[in-house]
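Enquirer: Chain by chain, the residues run as shown.
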Amino acid sequence: MRAGAVPVHGTHPIVIRVLAFGRLRELLNAGETALDIRAGSRVGDAWSALADRCPALDEHRSSTRIACNGRIVALDHVLRDGDEVALLPPVGGG
Amino acid sequence: MRAGAVPVHGTHPIVIRVLAFGRLRELLNAGETALDIRAGSRVGDAWSALADRCPALDEHRSSTRIACNGRIVALDHVLRDGDEVALLPPVGGG
Amino acid sequence: MFAIVREPIEPRRLEEAIRAGDGGAVTFLGIVRGRAEDGRAVSGLSYEAFEPLATSEFAKIADEARERFGDVALTIVHRIGELGTGEISVAVVASAARRVAAFDACRYAIDELKRRAPIWKKERYADGSARWRENRENLL
Amino acid sequence: MFAIVREPIEPRRLEEAIRAGDGGAVTFLGIVRGRAEDGRAVSGLSYEAFEPLATSEFAKIADEARERFGDVALTIVHRIGELGTGEISVAVVASAARRVAAFDACRYAIDELKRRAPIWKKERYADGSARWRENRENLL
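Chains as they are written, first to last, in the numbering used here: chain A, 428 to 521; chain B, 428 to 521; chain C, 7 to 146; chain D, 7 to 146.
One chain only, chain A, in its complex shape:
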């Protein structure tokens, strides 16, 4: 298992890249993390796996948009090996 990867028990593990920005990056203490999850996992499962590691994440769930490979997706979006999942807190540009 690569350094920094969070293990999720199950068969057929896949690895996704998690990007976090702004306050979520600070909470996770990393802008980028590799996450091992069970094949067939959905975005919501990945979130839960991250929240297990960092419980403070959960209060941000309703305000966080999640992009998979650059497109905003819902929590039931099914993940594939190598996907890039980005956690986007409320924006502040301009």
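Bear in mind the hints are in silico, worked out from the structure with no lab data behind them.
Remember, it's a predicted structure, so these values are computed and weren't measured experimentally.
Worth double-checking, as some hints may not be accurate.
Simulated DEER-style distance windows between Cβ atoms [stated by the list, open to error]: (1) Gly45(D) <-> Ser49(C): 50 to 60 Å; (2) Val11(C) <-> Arg480(B): 27 to 37 Å; (3) Met7(D) <-> Arg480(B): 56 to 66 Å; (4) Glu16(D) <-> Asp503(B): 49 to 59 Å.
Quick reminder that beta carbons are idealized off the backbone N, C-alpha and C, glycines included.
Once you've looked at the hints, dock chains B, C and D against the given chain A.
Expert: Relative to chain A, chains B, C and D alone:
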């Protein structure tokens, strides 16, 4: 009488300066003219005196705003010696 | 700053018009087009202004913008004389604490300038002819 | 041009964003203010962006502006990293044949950018503290 001044018959002549812009400047063939008019004349009288000299002016009367000493005035505004009367055709700035 | 100028308007100088401490600045630049509204090829424009009245009208417009939109700093500069296509005829810079006021004031200023500032424009065409053009928004 | 940049935004470079032949150009500059909304003294801002998504979102916003307002050329540039007060955080330039489309497109672009572009801001205060700040216009 000064060069270029247009005489208007009457007692107590006063002299006003007439400024013309845009197409009115071209019609009058001058950006600035001195106009001798009777004391007590109004802006409308000055216009008529100019139109006597240049009949083509008259078709522009309804589209011309007139300023006296920098303020827009009506045709019945009474003129005084030394007033500066500006003929302002429809604007085209920007 | 409210001014009628004869020399080219340098957009880089407009930066100086942004008031220190403001959070948003909106700039409008009017540029001489190579086509008239009827599609004729334009070779250039001649502008003239009743200068003292034009600059005092700019100041009045800025006062009105402040009444309507709050604390906004406005700069209005119009060039006169002979302008070629692609040259800047007018620049309006509005800066304010917040962007909405800057947008509203900038737009108000250029709309009112076109409607009522004592400035006149002669369009010169590629075929050598020329015509005085008035703004559609004209006061009259 | 749609870009996230690390170096200072030079207003003088924005002139190049005006499309040849257009008659009106509207520029919006967002500038770091020295006061937070609650009045606290701000020493600076830190911006970060999800860069590929931010630039593709800028392009999408420009496409939408063209659908709504017609043929408009848009440039959107946002700076990230550490910015001091008085520095430009974002520039939007809209140019079009006519000014109304340029104003509408410029305003649409900055409004949408603030609402949905994946860019985040941390406000740093004179007292050494700091806070992530979200836009009021936020999508969520």
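Enquirer: All hints are to be evaluated individually against the structure, with a verdict given for each.
Expert: Now the hints, each set against the structure:
1. Gly45(D) <-> Ser49(C): 50 to 60 Å: 55 Å Cβ-Cβ, so the 50 to 60 Å window holds.
2. Val11(C) <-> Arg480(B): 27 to 37 Å: Holds: the Cβ-Cβ distance is about 34 Å, inside 27 to 37 Å.
3. Met7(D) <-> Arg480(B): 56 to 66 Å: holds (58 Å)
4. Glu16(D) <-> Asp503(B): 49 to 59 Å: holds (56 Å)
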